[in-house]
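**Student:** Modelling step: build the complete structure from the supplied sequences, incorporating the hints.
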Amino acid sequence: MKEISEILKAYSQAKEAGKKTALATVVKVEGSSYRQPGARMLVTEDGNLTGAISGGCLEGDALRKALLSIHQQQNKLITYNTTNENDSEVGLQLGCNGIVHILFEYINDDAIHNPIQLLQQLETERTGAVIQTIFSLKRNAIQIGTVLFYRQNTQPLYNNEIAIQYIEEAKKVEANKATIIKRLKDSNENEILIEYIEPVVALIVAGAGNDVQPLTKMADILGWEVTICDGRATHSTKKRFPEAKETQVVKSEHFLENISIDDQTYFVLMTHDYKYDLTVLKSLLKTNCKYIGILGPKTKLNRMLDDLASDGIILSEEQLDRIYGPIGLDIGAETSEEIALSIIAEIKAVMTGKQGTSLKYKTEKIHNSNVIL
1 MKEISEILKA YSQAKEAGKK TALATVVKVE GSSYRQPGAR MLVTEDGNLT GAISGGCLEG
61 DALRKALLSI HQQQNKLITY NTTNENDSEV GLQLGCNGIV HILFEYINDD AIHNPIQLLQ
121 QLETERTGAV IQTIFSLKRN AIQIGTVLFY RQNTQPLYNN EIAIQYIEEA KKVEANKATI
181 IKRLKDSNEN EILIEYIEPV VALIVAGAGN DVQPLTKMAD ILGWEVTICD GRATHSTKKR
241 FPEAKETQVV KSEHFLENIS IDDQTYFVLM THDYKYDLTV LKSLLKTNCK YIGILGPKTK
301 LNRMLDDLAS DGIILSEEQL DRIYGPIGLD IGAETSEEIA LSIIAEIKAV MTGKQGTSLK
361 YKTEKIHNSN VIL
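Each step along the sequence shown adds one to the number in the working numbering, with nothing skipped, and position 359 is 359.
Treat the hints with caution; some may be incorrect.
What the hints assert, rightly or not - Below, a list of computed lysine to any residue pairs in the SDA-like style, where the Cα atoms sit at most 20 Å apart:
#, residue 1, residue 2
1, K2, G55
2, K282, G325
3, K172, I162
4, K286, S316
5, K182, A141
6, K362, D330
7, K290, E243
8, K2, E243
9, K15, L49
10, K275, G296
11, K290, E257
12, K171, R183
13, K182, I142
Claimed, not checked - Label-pair distances were calculated between CB atoms; the ranges are:
#, residue 1, residue 2, range
14, K9, T352, 34 to 42 Å
15, E16, T79, 32 to 40 Å
16, T363, A233, 51 to 59 Å
17, S358, E337, 16 to 24 Å
18, S358, L315, 30 to 38 Å
19, G312, S5, 39 to 47 Å
Just so you know, the hints here were simulated from the structure itself, not pulled from any lab data. Beta carbons are placed, not taken as given, at the ideal position from N, Cα and C, and that holds for glycine.
**Tutor:** Shown next as structure tokens:
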């Protein structure tokens with residue numbers, strides 16, 4: 001979602017400057033690739049790039065293809081075969097062992113529900129949504145492009161009649177949170193990428209000490225929205241945390257009053273105030289948040305559990321599974337910056353259902369495709 005937000009910002013600036021643009025989207029991957037379907041990059045007519053469709057190996061040639069799309073005001077699909085180390089078209093030894101299909105869409109600013117306008121709908125609410133993109137691998141076929149936006153309980157926005165025929169598939173993708181690619185039955189051998197896009201990650205931090213500052217900065221780099229909550233008005237300020245979306249001065253017993261929780265919301269308790277953290281933990285145990293990270297040694301967590309038990313609160317296995325204390329992955333972190341890195345890495349691992357082990361020992365593919373063919 002961060003990539004899309006940056007693309008939308010870059011597009012707004014380009015439009016204000018009167019620059020034409022094209023959107024490059026990875027629509028299909030066969031084999032291995034650095035980026036998966038749904039990766040996007042915006043290109044302006046003067047050559048500025050925002051986003052990425054590869055690890056850097058395709059961007060140079062993709063720039064030329066995007067500029068051609070802008071010049072001709074037409075959508076184009078380009079296939080890069082990275083299994084060939086002597087790929088004459090790209091002129092690089094890519095070695096990614098995959099075939100990457102990239103759709104280049106000229107952005108007509110005046111067209112109703114053009115690709116950018118559809119992507120802009122993602123920022124109107126903090127909920128998951130679906131984007132449909134129609135493409136064809138058939139040579140010289142007309143490339144239809146990004147055609148539909150769908151979010152549960154809202155009217156779909158679309159610019160092509162084919163798209164609305166697959167609204168039921170869009171609903172299933174939204175419900176299953178799993179992107180799919182389907183083959184359409186038509187003369188152009190069109191396929192449709194029905195892509196689920198998660199809402200932005202919300203990181204809620206109880207604590208506004210100096211050690212929270214690097215955590216906030218790292219989360220911001222990832223595009224996460226950070227909310228800082230602390231009882232001290234001198235600490236929980238926008239000046240101290242400029243990267244945070246919001247800073248709150250709040251007593252522990254009122255911690256959740258202005259917090260919305262969904263399946264992309266993660267909590268970290270690091271106030272260095274035992275009673276504050278304990279009160280917040282009690283409140284969080286009543287929610288369905290899937291990650292509660294607690295800074296401090298194991299003895300602190302055990303003391304918390306004992307105090308909860310004294311109050312008649314016996315945690316279930318499900319509740320214990322959601323508590324991560326001591327917080328962070330075991331990477332030997334000591335400084336506040338290193339601890340922040342271990343915390344961010346652990347949250348990401350929980351988010352994706354991984355263990356956080358070294359890729360050196362991974363026997364299968366690094367990136368398991370999130371697309372169902």
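**Student:** Look at each hint and say if it fits the structure.
**Tutor:** Consistency of the hints with the structure:
| no. | hint | verdict |
| --- | --- | --- |
| 1 | K2 to G55 | holds (17 Å) |
| 2 | K282 to G325 | holds (15 Å) |
| 3 | K172 to I162 | holds (17 Å) |
| 4 | K286 to S316 | holds (12 Å) |
| 5 | K182 to A141 | holds (17 Å) |
| 6 | K362 to D330 | holds (18 Å) |
| 7 | K290 to E243 | violated (24 Å) |
| 8 | K2 to E243 | holds (14 Å) |
| 9 | K15 to L49 | holds (14 Å) |
| 10 | K275 to G296 | holds (13 Å) |
| 11 | K290 to E257 | holds (19 Å) |
| 12 | K171 to R183 | holds (17 Å) |
| 13 | K182 to I142 | holds (18 Å) |
| 14 | K9 to T352: 34 to 42 Å | violated (26 Å) |
| 15 | E16 to T79: 32 to 40 Å | holds (34 Å) |
| 16 | T363 to A233: 51 to 59 Å | holds (53 Å) |
| 17 | S358 to E337: 16 to 24 Å | holds (21 Å) |
| 18 | S358 to L315: 30 to 38 Å | holds (32 Å) |
| 19 | G312 to S5: 39 to 47 Å | holds (45 Å) |
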